[in-house]
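Novice: This is what each chain is made of:
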Amino acid sequence: MSAIAKYFYNIFHSLYTVVVGMKITFPHLFTRSATVQYPTVKMKIPERARNRLYVNIDDCIGCDQCAMACPVDCITIETIKSTPDVDLGLTSKNTKKRLYIPRFDIDIAKCCYCGLCVWPCPTECIVMTDVYEFSEFDRQNLIYSFSNMTEDEVGAATARLKKYEEEQAAKKAAAKATSTPPATGTAVSPLPTPVQKSEPPTK
Amino acid sequence: MQDTSMLQPPTLPTNYTVKHGHIRTSTGKTVRTEEMIINMGPQHPSTHGVLRLEIVVDGEIIVECIPHIGYLHRCFEKHCEHMTNYQQVIPYVDRMDYCSAMTNEWAFALAVERLLKIEVPERVEYIRVIMAELQRIASHLIAVGTYGIDSGAFTPFLYTFIDREKILDLFEMTCGARLLYNYIWIGGLSHDLPPKFIEQAKDFISYFRPRIKMLNDLLSYNEIFVKRTANVGVLPKDVAINYAVSGPQLRGSGVNWDLRRDDPYSVYHKLNWEPQIGKGEMGTVGDCWDRHIVRMREMEQSLNLVEQALSTLPEGNIQAAIPKRIRPEKDAEIYVRSESSRGELGFYIISDGTASPYRVKARGPAFVNLSVLPEIAKGAMIADLVLIAGSIDIVLGEVDR
Amino acid sequence: MEFIQSILANELIVAIILSLLPLFFIIIYALIVLYTEMKVAAHIQDRVAYMRTGWHGVLQPIADMVKLLQKEDIIPAHADKLLFRMAPFIAFIGTYAAYAVLPFSSIYIGSNINVGVFFLVAMGSLVVIGILMAGWASNNKWSLFGGVRSAAQMVSYEIPTALAIIIVVMITGSLNLQEITKFQEGGIGHWIVFGGPLPWNQKLILMPFTFITFLIVFVASIAEVNRTPFDLPEAESELVQGFNTEYSGMRFAMFYLSEYANLFTVSAVVVALFLGGWSSPFGTLMSGPVWGIFWFVLKAYLFVFIQIWIRWTLPRLRVDQLMYVSWKVLTPWLFVCLLAVGFILVN
Chain A
160 MSAIAKYFYN IFHSLYTVVV GMKITFPHLF TRSATVQYPT VKMKIPERAR
210 NRLYVNIDDC IGCDQCAMAC PVDCITIETI KSTPDVDLGL TSKNTKKRLY
260 IPRFDIDIAK CCYCGLCVWP CPTECIVMTD VYEFSEFDRQ NLIYSFSNMT
310 EDEVGAATAR LKKYEEEQAA KKAAAKATST PPATGTAVSP LPTPVQKSEP
360 PTK
Chain B
489 MQDTSMLQPP TLPTNYTVKH GHIRTSTGKT VRTEEMIINM GPQHPSTHGV
539 LRLEIVVDGE IIVECIPHIG YLHRCFEKHC EHMTNYQQVI PYVDRMDYCS
589 AMTNEWAFAL AVERLLKIEV PERVEYIRVI MAELQRIASH LIAVGTYGID
639 SGAFTPFLYT FIDREKILDL FEMTCGARLL YNYIWIGGLS HDLPPKFIEQ
689 AKDFISYFRP RIKMLNDLLS YNEIFVKRTA NVGVLPKDVA INYAVSGPQL
739 RGSGVNWDLR RDDPYSVYHK LNWEPQIGKG EMGTVGDCWD RHIVRMREME
789 QSLNLVEQAL STLPEGNIQA AIPKRIRPEK DAEIYVRSES SRGELGFYII
839 SDGTASPYRV KARGPAFVNL SVLPEIAKGA MIADLVLIAG SIDIVLGEVD
889 R
Chain C
3 MEFIQSILAN ELIVAIILSL LPLFFIIIYA LIVLYTEMKV AAHIQDRVAY
53 MRTGWHGVLQ PIADMVKLLQ KEDIIPAHAD KLLFRMAPFI AFIGTYAAYA
103 VLPFSSIYIG SNINVGVFFL VAMGSLVVIG ILMAGWASNN KWSLFGGVRS
153 AAQMVSYEIP TALAIIIVVM ITGSLNLQEI TKFQEGGIGH WIVFGGPLPW
203 NQKLILMPFT FITFLIVFVA SIAEVNRTPF DLPEAESELV QGFNTEYSGM
253 RFAMFYLSEY ANLFTVSAVV VALFLGGWSS PFGTLMSGPV WGIFWFVLKA
303 YLFVFIQIWI RWTLPRLRVD QLMYVSWKVL TPWLFVCLLA VGFILVN
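Read top to bottom, the protein sequences are chains A, B and C.
Going by this note's numbering, the first sequence wraps up at 362, each residue one higher than the last.
Going by this note's numbering, the second sequence wraps up at 889, each residue one higher than the last.
Going by this note's numbering, the third sequence wraps up at 349, each residue one higher than the last.
Hints listed in this document are in silico derivations from the structure and should not be mistaken for laboratory results.
Note that the coordinates shown come from a computational prediction; the quantities given were computed from them, not determined experimentally.
Any given hint could turn out to be false.
[Said to hold, decoys possible] Some chain A residues near chain C, calculated using beta-carbon distances under 8 Å:
id: 1; residue: I170
id: 2; residue: H172
id: 3; residue: V177
id: 4; residue: G180
id: 5; residue: M181
id: 6; residue: T184
id: 7; residue: H187
id: 8; residue: L188
id: 9; residue: T190
id: 10; residue: S192
id: 11; residue: A193
id: 12; residue: Q196
We put the CB at the ideal spot given by N, CA and C, even for glycine.
Starting from the given sequences, assemble the full structure and let the hints guide the process.
Specialist: Below, the structure is given as structure tokens:
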């Protein structure tokens, strides 16, 4: 196309595309808006939504699987073993609970909402709810404590455990005194050995 | 009399020395001219994220452009070494290229699966294709929308985001999250498709096809937009290959290279689609308009892929049989690459025999694509620089990791 | 009562009141156009804008005004203080002075001078000075860019405006805006954009040229006001806010006010020159002094609406493309129209 023809073509083509663009945007003035007036109107959340965590502490058996699965280490669990004379009850799936849980903290500000803690829980006590409006003014309020043991209960449980262990140790000492000493060389350590990280592969 | 000594421009930490010139005026005196160093700082409405561009300008023409990155570095690769198992790495990989999380997860899962030599069921492959292609559409919608804003058209951005909401609704229905999914797991998927997914996805397909045409009419073929982007930021074929760019940027320069066809993985070879290449319709091959139209056309192709995958979806498991503790053998290493929305996303994993990886290195496409910016920005105007940076379509999460 | 009569008898006070009337008009109009722009922008983008202050947000512009009034007055440390303070006022003065010659109605015009049109173009140049001052005084490289670009743009788009005005002056034979409007009285067929109140054979040949002139003036008017697609001086995605970057609070409000006032001014000029000003399109039906104000404001507002509509549709032009449009497209076409109109009128 010669320069003059190109010049005229450019002008008319520009005007044409401008009019096409304006023709596209004008009908949108009369269509319904795509937004809703939050917070008076809220969108519906699907059932699989992954929002704030909730722990049903009555079902928790203190296995620590969720804390180990968390990639950002936002769950902190402390447990105290219970003694055989105490019955902590059953979970909703009829498994026996054997641990007191004095501390079950989730730092919901650290949580990355990946849902990896939900899968390994054997009793399905940690779930992701559909609550997404939980902002606070103070960051300390975002550390959720799910445990419902009071200080006295924690003290009582620790004392009971200590007493039980002392009794067991005394019983073992008495049993050792009356029986023959076992053969040497087969001592079994009660604690598992820590995992050794192997040497980095040499290239 | 004002104290002008303080009106010096502050010295920026750069090793560029500014060139001087002289202009002779009609009275015989000479006026000293100097190039100006401008900082398009980390906070700027148009650099897509926290990217600092140091520009040396002569009037409005750019002489030199030096990008500074690292403002979003989150030590992702170091974190991966301290995870207790490979599955925990997936949420971290999500957050690298946060606009296109499904393709990230898939690349990493592919790497680990090839390392362990696991075969995934057919259904898993098809669902992964559907999710990745929907994610590609969503990511390109962001790219196109923000490109419109960079060039001054504010409306296409909102139209693309309305469409993107529908895709995110599909994702939320399946895995529960809208942006960072943790859906594609090693050996399979976390959830199966919910019952309403196929119907809603088909609705989306029929809704979205005319919208692509509308976006093209509103933005891509608008003469003002064409004049802004054609012949601007031309990336020649050989320069692109030498700088190792990939993805729509490479295809915009005329190179027919798409990892889904040339280094195939999953079921792409069974589906009917074509990689889109820039042909220089409105200007030179490899200019900004070519890259933009490659993205628009790739959205159409992804839509075709989703349609085909939905219609041929087989039944089956969603999780392969993988060991409870993923423990590759000692000194095993692998590099696997896949086609993410931005280009070739590769993961290089070295294992030392334990349950957590020894080293995970991510080859981010946005990082490599950004390296070509100083080359193609020389000689452009400042107004063009914004468009050139926008057409590279970087996401700083991937550049800095 | 006598007090009011004594005031009205004093010529000076009457003159001051009459010259303040456009100020009240500008303030009320600025609130309305602010609301319109936000709502039109929102509905084009499939969302709704203000909904909470008042019914559907009608009180929001007042809230914005109050917010801007109570903001802290920040001047950058090494800015040129005198120029920084003066710049918004000069920009507003240039805009407001143009209101003196706009014919709102057959009985009201601020100042019925014989060179009204010439005065308008001159006052438009005053705004350029204000913007340049703002860009320079901010001591900010990006603002400087914005100011310089804006100066180049506004100066080069005054040429097409002036040429188009010459064409209209040739047809009507007067530089006085009130005379030009009276020339177009008598219904829609007498408007200059459709050829003017001339015999039909002359009109038919004249109409294409006046229509093209009208389009060109409309495009130039968008450029005069620094709006997309010509809003490079305040290009939000490149220069953060261009020459406006360092301004906050009431000074920013002055620039904003002057931009919206300018919007009305250029629309009003287009309306007065080409679309019959305050005359009713139906001839004698619905015409009269008070109806005149209604028609004038309605027609000008229609063009304001079209400018808002264009702003939210199109991308922006680059600086050199802007110059290309002005010098290589608008001006040559106007010269052709000028010659053609002159030729037709002579014969």
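Novice: Please go over all the hints and tell whether each is borne out by the structure.
Specialist: Hints, verified against the model:
1. I170: Holds: closest Cβ of chain C sits about 6 Å from I170/A, inside 8 Å.
2. H172: Hint violated; H172/A Cβ to chain C Cβ min 13 Å, cut 8 Å.
3. V177: Interface hint status for V177/A: holds (6 Å vs cutoff 8 Å).
4. G180: Holds - the Cβ of G180/A comes within 8 Å of chain C, reaching about 5 Å at its closest.
5. M181: holds, 5 Å
6. T184: holds, 5 Å
7. H187: Hint holds; H187/A Cβ to chain C Cβ min 5 Å, cut 8 Å.
8. L188: holds, 5 Å
9. T190: holds, 7 Å
10. S192: holds, 5 Å
11. A193: holds, 4 Å
12. Q196: This hint holds: Q196/A lies near chain C, its Cβ roughly 6 Å from the closest one there, short of 8 Å.
Violated hint: 2 only; the structure is consistent with all others.
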